[in-house]
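K.L.:
Each protein sequence line maps, in turn, to chains D and Z. Mapped onto this note's numbering, the consecutive letters of the first sequence carry residue numbers 7 to 120. Mapped onto this note's numbering, the consecutive letters of the second sequence carry residue numbers 360 to 466.
Check each hint, because a few of them may be wrong.
[To be verified] Quick list of the computed label-pair ranges, beta carbon to beta carbon:
no.: 1; chain 1: D; residue 1: Thr117; chain 2: Z; residue 2: Ser368; range: 23 to 33 angstroms
no.: 2; chain 1: Z; residue 1: Asp429; chain 2: D; residue 2: Ser119; range: 35 to 45 angstroms
no.: 3; chain 1: D; residue 1: Arg73; chain 2: Z; residue 2: Lys451; range: 22 to 32 angstroms
No lab work stands behind these hints, which were simulated from the structure alone. All figures in this text were calculated on a predicted structure; none of them were measured in a lab. Think of the CB as a built atom: it goes at the ideal place given N, C-alpha and C, for glycine as much as any other residue.
Here's the letter readout for the chains.
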Amino acid sequence: EVQLVESGGGLVQPGSSLKLSCVASGFTFSSYNMHWIRQAPKKGLEWIALIYYDSSNKYYADSVKGRFTISRDNSKNTLYLEMNSLRSEDTAMYYCAKWGFDYWGQGVMVTVSS
Amino acid sequence: DIQMTQAPSSLPASLGDRVTITCRASQDIGNYLRWFQQKPGKSPRLMIYGATNLAAGVPSRFSGSRSGSDYSLTISSLESEDMADYYCLQSKESPLTFGSGTKLEIK
Chain D
7 EVQLVESGGG
17 LVQPGSSLKL
27 SCVASGFTFS
37 SYNMHWIRQA
47 PKKGLEWIAL
57 IYYDSSNKYY
67 ADSVKGRFTI
77 SRDNSKNTLY
87 LEMNSLRSED
97 TAMYYCAKWG
107 FDYWGQGVMV
117 TVSS
Chain Z
360 DIQMTQAPSS
370 LPASLGDRVT
380 ITCRASQDIG
390 NYLRWFQQKP
400 GKSPRLMIYG
410 ATNLAAGVPS
420 RFSGSRSGSD
430 YSLTISSLES
440 EDMADYYCLQ
450 SKESPLTFGS
460 GTKLEIK
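Produce the complete structure using the sequences and hints provided.
P.N.:
Listed below in structure tokens is the structure:
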């Protein structure tokens, strides 16, 4: 059974940093590109980042480019999202998703507030 | 960036109705179009990929179609479990972009 489990969210102050993790199981993680997607409270979905299976390519939404970094450790079946210079508008539920968007994690909440 | 214009934003409908949600792409995206269903407090669920292909486990009352740059999700006979938010997504090029969503609710 494919599972994606996010962790690392919480309440942080503006300007601070946070690193999210997404642990994958039930499929060959090292063979698949992976995404991060977020959803602000009561708002729509926003794609924010993609990493290739071998980390050779990374793509970002303009809203997070230069502040967020997507990475992965295939030996640990884990996807990461390092978030710096956090703003109130980054408050959202963050989801990881497998290439093809056929599997999503349950999401982890990030709240940026003073 | 490719813009996905989704309509309507809200769709009141009755059980048994045939309903259609549409997304229009601002540039050519071929068939790189997916549809998702999201229920309150849940993660999105893939419903349609490649514009017209039903994802695994999705009931056959759901279908996807394309006419030029217009993409549609149709539910042939609405059931209560279909009440949810629906989003389209283009994955032709980065940045990937979602439509703004459609809230399907009981009339």
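K.L.:
Looking back at the hints listed earlier, which ones does the structure fail to meet?
P.N.:
none
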